[in-house]
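K.L.:
Heads up: the protein sequence lines correspond to chains A and B, in order. Per this note's numbering, the very first residue in the first sequence carries number 1; after that it's consecutive. Per this note's numbering, the very first residue in the second sequence carries number 1; after that it's consecutive.
Any given hint could be a false lead.
Stated by the list, open to error - Residues from chain B that face chain A, not an exhaustive set, calculated with beta carbons under 8 Å:
1) 129
2) 250
3) 254
4) 469
5) 565
6) 569
As the list claims (entries may be wrong) - Which bits of chain A does chain B cover? Going by a derived footprint, with three or more residues having C-beta under 8 Å, they are:
7) 26-39
8) 70-79
9) 104-117
10) 137-147
For the record, the hints were derived by calculation from the structure and aren't laboratory data. For glycine and all other residues, C-beta sits at the position ideal for the given N, C-alpha and C.
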Amino acid sequence: MNQTSNELQLRPNTSEVDQLVLSFTAKQVPAFSQFLGQGFYVTACTGISIKAFFTQQLEMNPQYLEERVQTILLDGQPVDDTDSAKVINGSVLALSAALPGVLGATLRKGGYYAAMRSHITYTSNLACEQDQQGWVIIKLFNLIAKELGPLFLARGILIQATELADFLQRQGSVFWRLCREATLNGQSQTAQNLTDIQWPADRLVHLQIQTT
Amino acid sequence: MDKILRINMGADGGPQFSEEALGDYAGLGGRALTSALINKEVPPLCHPLGADNKLVIAPGLLSGSAAAMSGRMSVGCKSPLTGGIKESNAGGQASQVLARLGYAAIVLEGKPAENKLHKISITKDGVKIVEDNSLCMLGNYDTVDKMKAEFGEKMCCISIGPAGEMKMGAASIAFSDMEQRPTRHAGRGGVGAVMGSKGVKTIVLDDAGMKMRSPKDPDKFKAANKEWVAGLRKHPVTGEGLPAYGTNVLTNVINEAGGYPTKNFMWGQFDTCSKISGETQAETENTRGGEGSATHGCHRGCIIRCSGTYYDKDGHYLTKQPEYETVWAHGGNCGIDDLDAIAMLDRLDDDFGLDTIEMGATIAVAMEAGIAEFGDAEAAINLVKEVGQGTHLGRILGNGAEVTGKVLGVERVPTVKGQAMPAYDPRAIQGIGVTYATSTMGADHTAGYAVATNILSVGGSVDPLKPEGQIELSRNLQIATAAATDATGMCLFISFAILDQPETFQALIDMINAFHGLSLTADDISEMGKSILKNERDFNARAGFTAEHDRLPAYFLNEKLPPHDVTFKVKDEELDQVFNW
C-alpha cells in the first residue's frame, strides 16, 4: 500500500511539545508553505459546522470563507455546504482558492460541475456530540496559504518534529541569513544546533514565526 | 489569413508548394479547420505515416490580431498513436506569426521517396523548401539554435526532435517561445511522427514586414478586447492563481481529494506530493531567481502568464516551468518527488520531442513491469535518454504506454483509444472519466474543459448537485471546448473568466464578431462545437471506431482506488448517450 509515514497522526501526543520561535524581518520571511500544505494541528471544539469552526473559533471573515475559499475538502471529500458538514475530532480540513482546470471547477463548493465528482463528495450526516474538545488538522493551499499562512504562523502551528527537522536540514544559507533569531524552549539556538537535533518520531513542535 | 499553403513533400522532382483560397474552409480556424480538412481529405483507413495522411497546422480565428491570449496553434492529422483523428495544440510564437503571414493553415501532404530531411522557411517574400540532412537526429534545442543562426533572432520555429524522425507514437511538435526556445509542444497523439514521415524537420516563420491582422470593426474590437483583458485580470484564477503558481497549483488539492494518480494509477494520493506542488515549485523558482522565473508568458499577447522558467541549483537555465501534467506524469505517477529531476525529464522530453504525459505514463507502466523501481529518478532519466537515442527499449517506450504495456505484459495500462490518461483519476472524478472514455481524441483532459457550458446552454439545464448530470456535463464541456477555445485559438485558461463572468464571455463573442464582421451568438458558438465533434466522430467511425472504443480499461471498473475506494460506475449505455444531442 501507499506509504503514509508523513501523514499527521489523528491523535497527537501532546504530552511533550517543544516551542520553537524563529524571527525574521517583516519583509524577508521565507516561505513555509510546506507545513501549511502538509497540515498542522489546531485544538478545536468539535461537533460544529465547518462554517462555525472557521468563522467563530478561528475568527475567519465569513465573506472570505464564502468567496475567497472556493474549495473545501473534509477528510479528502469535497464539501458543498459548510453549514451542514460537521467538524469532528481528527477531521482533516483543506482550503483552496479558485483553481484552474476542469478539476478546479469540479471541486468548487456547490459549483456547476459538482456532479462530476459526486462519488467522492462529502455526504456524511454522522451524529456527533457538540462542544467536545479535540484536534483538527488544517491544510492551507495556494493563495489561501499565502494570505492566511502568516496569521497562523504568527500564532504558532503544531507540527511533527521530524517534518521540521527535514525542512530545516534542507534550508540553505539564505534562509539562515534571514533568520535573525531562533529559540527552542526559550534557549537561543544556532542553525547548526537546530539542524543537528535528533527529534523522537512522535514529538511535536509548536513553531511560531515572529516578524520585526 | 485568407489562404492555405499546401506543400506536397512527395511531388515528382522534389517538394512543391501551392497556395489556394480557403474555399470550403472559409470561416474556420484552429481545430474547426484541422478537423474539417482531415475528415474531408484524408482516407480514414490510411496508414498514419503514409503518403495519404496530411498534417495540418492552423492558427485560431483571432490569432495574429491584437486579441489577448489568442496564440494557440492547432495541429491535425490521423494519429499514429490512436488511429483516429487528432487535434493537438500548443502555445508559443508560431500561431501569431503564421496568421500575420496570411495563412489560415499549412498542409503537409505526400511523402518523400527517399529518407531525407527538409527545412521550410516562410516569410513575406515567399516559401523555400531546402533539403538539409545536417539536421538529422538533432534535438529541438540544437535545431532552433541552428535556425536562429541562419535566419536571425526574430524568426520562430516549428520543429521535431529525434522522436519525430524515428516516427514514434509519443513524438511531439515543438513551437518556439518568446525566447526562441522549443518549449511549447503539440504533444498528444504522435503528431511529431507524422511531420517526421513527411521528411520535414523544421518550419521557420518570420513575419518581418507584415502587419498585425486588422479587424473589420476596429472600434468595437478595441472596446471588446479592453473588456476581455479586464475580465481576465480581475478573475482569481487568471489574474492571481495561475500567474503565481502555474497549472501545478492543482497538485496539492487533487492529491488531497484522492484523485491524484500515483505509481501507475494504483493510488489516489502521493504521500510526498507537497515536495513537487505548485507552491513548492514557485518558491524554488523565486528563490533561485532569474529572468521570468515563476511568472512568464509563452507567447506575446499573453496576459495570464501561467508559465515560468526553471533554473537549476546553480542558476543555469534548464527548462520552462514544468506544467501540472508533466510534474504529475514524471513525478507522482512514477513515485518521484524531486523537482529538479522532473525538470530534467521535461527538458529531455522537449529536446527529443516527446509528449510529457505519454512518456510519464509509459515510464510508470515500465516501472510496474520491473524495468525500474518506482521513485528512481535517475532510472527514469536514463529511460527517456534511451528513447532519444533510439535503443531497442527506447523505441518501445517511445511508442507510448499501450505499446509498452503489451510488450512488457502489464495489465494496468491507463489508456483510451491508445492514448495515455492525464493527471486525474477517473474513478475519483467520474465526470472526467466520461470525457476520457468518449473523447474523439483518446484520453484527453482538455477535450472537456471548464468552458462556460452554463452560459452556452449547449445541452439543456443540469442540476449541478445531482450525480446523474455527468453525461450531460461531459457532453456540454466537449462541445464548448471545441468551439470557444480550440477553434478561436484562445488559450484554454480563459475558461474560468468566461465561466464565472458572463460579461467576459460576451466580450469574447464581441471580439470575434467585430474582427470578422459577424453577428454570432452563444448558440452559434455551440453549433460550431457540435460541427467540429461531428466531423471528428464521422472520421473515427469510418476509421473503424465503435462504441466499444468509448470505454475505460476494465481495471478502472474493478480495482478500487484508495483512499476513497471507488471504482468507475458510469454504465456503458450512459457513455453511449454522450453524443446524442
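K.L.:
Hint by hint, say whether it matches the structure.
P.N.:
Status of each hint after checking the structure:
1. 129: It is violated, given that the least Cβ distance between residue 129/B and chain A is near 40 Å, above 8 Å.
2. 250: holds (6 Å)
3. 254: holds (6 Å)
4. 469: Status holds, d = 4 Å.
5. 565: violated (10 Å)
6. 569: holds (6 Å)
7. 26-39: Holds, because 5 residues of the stretch 26-39 of chain A bring their Cβ atoms closer than 8 Å to Cβ atoms of chain B.
8. 70-79: holds (count 6)
9. 104-117: holds (count 12)
10. 137-147: Satisfied; 6 residues make the cut.
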